[in-house]
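The listed protein sequences derive, respectively, from chains A and B. If you're matching positions, the first sequence starts at 1 in the numbering used here and goes up one per residue. If you're matching positions, the second sequence starts at 1 in the numbering used here and goes up one per residue.
Note that these hints are calculated values from the structure, not bench results. Quick caveat, the model's predicted, so the values are computed rather than measured. Be a bit skeptical, because a hint or two may be false.
No more than 25 Å apart at the CA atoms, straight line, and that leaves these computed lysine to any residue pairs for SDA-like [said to hold, decoys possible]:
#, chain 1, residue 1, chain 2, residue 2
1, B, Lys3, A, Phe89
2, A, Lys256, A, Gly195
3, A, Lys6, B, Asp363
4, A, Lys345, A, Lys73
5, B, Lys19, B, Arg365
6, A, Lys6, B, Arg365
7, A, Lys302, A, Arg331
8, A, Lys6, B, Lys19
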Amino acid sequence: MRGLRKYLTPFAPDQSGAVSVLYELGGLVVICDAGGCAGNVCGFDEPRWHTMRSAVFSAGLRDMDAIMGRDKKLVAELVTASRALEPAFAAVVGTPVPSVIGTDYTALRRMAERELTIPVLTVDTTGMQLYDKGAEKAYLALMQTFAREKLPVKPGLIGVLGVNPLDMSSLDADKAITRALLAEGADEVRCYGMGGTLEDVRRASEAEKNIVASPSGLKAARYLEKTFGTPFEVRDPLAASLLESCCLPADLTGKKILLNDQLVRADSLRRLLTARGADTVTAATWFMPCPPCEAAGDARLKEEDDYASLAENYDILIGDPVLKSLVPGFRGTFVPLASFPVSGKLLK
Amino acid sequence: MKKQAVYYTAGDIAARDIKDLPDEFVLSRHLIYSSPATLAFNSPGAEGFGVKRAGLAIAGSVMLLVAPGCCGRNTSLVSEMKAYEGRFFYLNMDETDIVTGRHLKKIPDAVREIAETTTPKPSLVMICITCTDALLGTDMERICRRAEAECGIHVRPCYMYALTREGRKPPMVHVRESLYTMLKPRKKKANAVNLLGFFAPLMDDCELYALLSSIGVRTVREISRCRDFDEFLTMAEANFNLVLNPEARRAAEVFDKDLKIPSIELTRFYEPDRIHRQYEALAAALGVTFDDGPYYEEARAAVRAFRDRFGELTFSVGECLNADAFELALALIRFGFNVAEVFGTVSEENMVYIRYLADLSPDTRIYANTEPTMIFYEPETACDVTIGKDAGFYHPECPCLPWNSDVQPYGFRGLVALMKGLTGVLEQAGKADRSPAHADGPADRSPTQATACAGATEPDATFPVAAGKGCPIVTGGEEAPSVPGNADAVPAQEGGTK
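I would like the entire structure built from these sequences, with the hints used as guidance.
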């Protein structure tokens, strides 16, 4: 039956992606929910929660708050918390509840800005889309709110968009990317969303070039290109090291490979696999499209059966271990590659 | 301005009326910090029982979560537990579903497919819906009836409505009601009793089983010990229920109204005198006597041995544990220990303990676990050991007894297990036995000494507790116990005991 999931738990939702991008920037992030969504973010989708403090709170909405549309109460609580925490900015992240009651985020932002002396941004996530959509919205809102000034370009400075634990399935992706890009000749690397600061975002126009490491960073990269003329390339700087850590068969000559991940990573891996002799490498994703990374035959997956029927035609499947449950009769080689938004598991 | 977590002392809180608590202690007046305790409450994944695990309390049941994807996301934590493998199914909603309600039409088909493709065939499909349907006003009872009629399988709703958590019928109250309304009237067995309240069993060696046995009770049923759906249905045979968690009060009302099975509510205590007094009150309510003396002595001996061994320890007590944080803190103080801090939620029910705490230890700090400034918490008071997962989180340097297992500690044996658990974590942490400074040991600050109990009566399975009288609460507090009057006896429908 279409729409029924029997094996896979739901993937990371858009509000988790938005929070992931904002997490390390010193803001007061309010998830506009009754408690469960914030619990899901802090207790599951945000692996930094137990090791790195961040002011991520739930609005603690109750039925009458939703029915009466008590935005003023939410703003008052934001003001109280803001006095105690002295954040650099405030952000309100949407969930299904404000989505159902039709919260006007622009009005909410204006109301909050009138009461607070800090910038306020809102991300109209709904809980019904996937994490990359929320991360994309948060990247764009961040750049539009803070990267306002055209600064002189610093040669050798590389900005990296689309780096957060959900997109990268890793807690030290920022460090690994920095190492990789410095080795390639960069002088300085700034990863937005992980390891970077709000000041880095403010000074985004200084970058000589941006790298989009996952589809969630593409819109913000285009915005920076349009606003400041910063060029960008789309690739995962970690692809080579990732491939090294995969338990792939030694000889890939003539093999047909189905690769499941976010499309920037999948495409970067595809290039490497093809160079090693693979006959066909198809990227299949549950997540957002990314035109610069797509090739003929690539697939967008929706139903569990979509993956199972596609997999029949391949010799090697590369993807999160939970996908194995969808293809119990598969006779080829399954190569595990953790995808946090799928299973909640980080790369080892 | 120094950024620090806000706290009040027990003295500060006790001086206030429950309706005049500081804003930090009123959930609706601030944003919510996701402390471990909040997470266990808001997002019970791998531990504790939220609606998802509770809804699957009946063996052989499965759950279909009909909700936006975000609501089911962390279910993978539960799905990984052996007991829940293959028991969750999802029908993810999108914006169109919200506008048109089309997702509701898919439910019977989804139930049918689950029933036809799951082996063994499920005994029950729980349909779990969330805040979105709460706002849409979905009549899930009707949809479940339709699915049940079309698919020939039990289908019940459960409501993961975080929006209504402080309402008249919060989700955890509702889920119990939803489960127990499946029971149909049966011939009563005079020697059968249900324990309501928890979704995991009491510890196997809890004295409550033995005490009930001593008065002729031969079958004690708990939902978590029922091996299948048919055994669950036998809960309708009980003579009376013991309600061990206030969240089961509404379910007890269902038993009373629909099945004519009365209930008595008990509270979990850690003070032996309170436990003893509660058993006395229970015995009085049932028209029997309990010989709880040996258990009482065992518990007091365990406390004495622990205190003698480790001396005047200072505790930090959280609320993410199988206890009322304030009652446990008060018990520890009365045992002669110190309690530097309690991380808890102040309520009308535990205000009585806070007032006693204020008398004995007015400077004990009380922190509101959900309040935003808790993000700044840094340990300022020295403590030797923490109890509760949240207290352990705040004091990573201290030995911690999480005390939050699924299996429920209860009664005197619960206290004995607590002392054993504390001994274990202190031994593991290499904490020295009592220091010379504590050689004489601290004074026991218990208010009373219980007297030895009378001997047990002959087994008799007829108890003067009646349906239709509400759910009396028997207490172990200093305040006069509210013991049900000499209620009408329930005639034993089945003679004798097994």
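Hint-by-hint comparison with the structure:
| no. | hint | in the structure |
| --- | --- | --- |
| 1 | B:Lys3 - A:Phe89 | 17 Å, holds |
| 2 | A:Lys256 - A:Gly195 | 37 Å, violated |
| 3 | A:Lys6 - B:Asp363 | 54 Å, violated |
| 4 | A:Lys345 - A:Lys73 | 37 Å, violated |
| 5 | B:Lys19 - B:Arg365 | 20 Å, holds |
| 6 | A:Lys6 - B:Arg365 | 48 Å, violated |
| 7 | A:Lys302 - A:Arg331 | 23 Å, holds |
| 8 | A:Lys6 - B:Lys19 | 48 Å, violated |
When held up to the earlier numbered hints, the structure conflicts with 2, 3, 4, 6, 8 and fits the remainder.
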